[in-house]
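Residue numbers for the sequence shown follow full-length UniProt numbering, so the first one is 1 and each next one is one higher.
Any given hint might turn out to be false.
[Claimed, not checked] Below are the SDA-like pairs computed for lysine to any residue, each with C-alpha atoms no more than 25 Å apart in a straight line:
id	residue 1	residue 2
1	Lys48	Leu133
2	Lys48	Ala71
3	Lys97	Leu70
4	Lys48	Gln63
[As the list claims (entries may be wrong)] DEER-style ranges, computed between Cβ atoms:
id	residue 1	residue 2	range
5	Ala16	Asp84	33 to 41 Å
6	Glu105	Ser145	32 to 40 Å
7	Asn139	Asp84	29 to 37 Å
8	Glu116	Arg89	41 to 49 Å
9	Thr96	Ala67	15 to 23 Å
Simulated from the structure, these hints should not be mistaken for laboratory data. Ideal placement from N, C-alpha and C gives every residue a C-beta, glycine not left out.
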Amino acid sequence: MDEDVLSTPGHLISLAARGFVRMSEARLKPLGFGVGQLPVLVALQNGKASTQRDLARFARIEQPPMAQMLARMERDGLIERTRDPADGRSSRIVLTKAAQQRMPEAITALFGGNREALVGFTDSEALQLVDLLTRLIENLDQISSADAALGDSRVL
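When you get a sec, could you build the whole thing from the sequences and use the hints?
Next comes the structure, spelled out in structure tokens:
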């Protein structure tokens, strides 16, 4: 087979993702945010999660890296932790006032970057791209879940 590995969807999406990360980091860094923190910032801003476990699930990362990220975010003054009154072993996590105040500017910068990246795309093409990528992510999540289940059964 004479396929070009560098023209596969996986490789092209990886290149696009790295480009988005570079652009987003450049726009977020002056505001004191990192692109890896985005899922946490958005989840906390929208009230979708407030515990480390919920944030890890929302961001689709494991607990240990989430714990490290939250420790850095707390050190940098982006989040605060308080004891959960319902469960003394757990903490509730909230954005600091300073982080909340910078979020609108960060969101504006990110939407602007996305618009710039999609120059030359019609609105219909941009919507189709989002739909296709969403479906691709769902497929990859299913594959990952199936692989994890196979791995678990191999251990038994």
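Cross-check of the supplied hints:
1. The hinted pair formed by Lys48 and Leu133 meets the criterion: a straight-line CA distance of about 22 Å does not exceed 25 Å.
2. With a C-alpha separation of about 20 Å, the suggested pair Lys48 and Ala71 falls inside the 25 Å cut-off, and the hint holds.
3. Pair hint Lys97 plus Leu70 holds up; C-alpha atoms about 16 Å apart against a cutoff of 25 Å.
4. Between Lys48 and Gln63, the direct Cα distance comes to roughly 17 Å. Compliance with the 25 Å bound is thereby established for this hinted pair.
5. Between Ala16 and Asp84 the CB atoms are about 39 Å apart, so this pair conforms to the stated range of 33 to 41 Å.
6. A C-beta distance of roughly 37 Å is found between Glu105 and Ser145, which places it inside the suggested range of 32 to 40 Å.
7. For the pair Asn139 and Asp84, the beta carbons lie near 36 Å from each other, so the given range of 29 to 37 Å is met.
8. Separated by about 45 Å at the C-beta atoms, Glu116 and Arg89 satisfy the suggested range of 41 to 49 Å.
9. For the pair Thr96 and Ala67, the beta carbons lie near 18 Å from each other, so the given range of 15 to 23 Å is met.
Comparing the model with each earlier hint shows no violations; every hint is respected.
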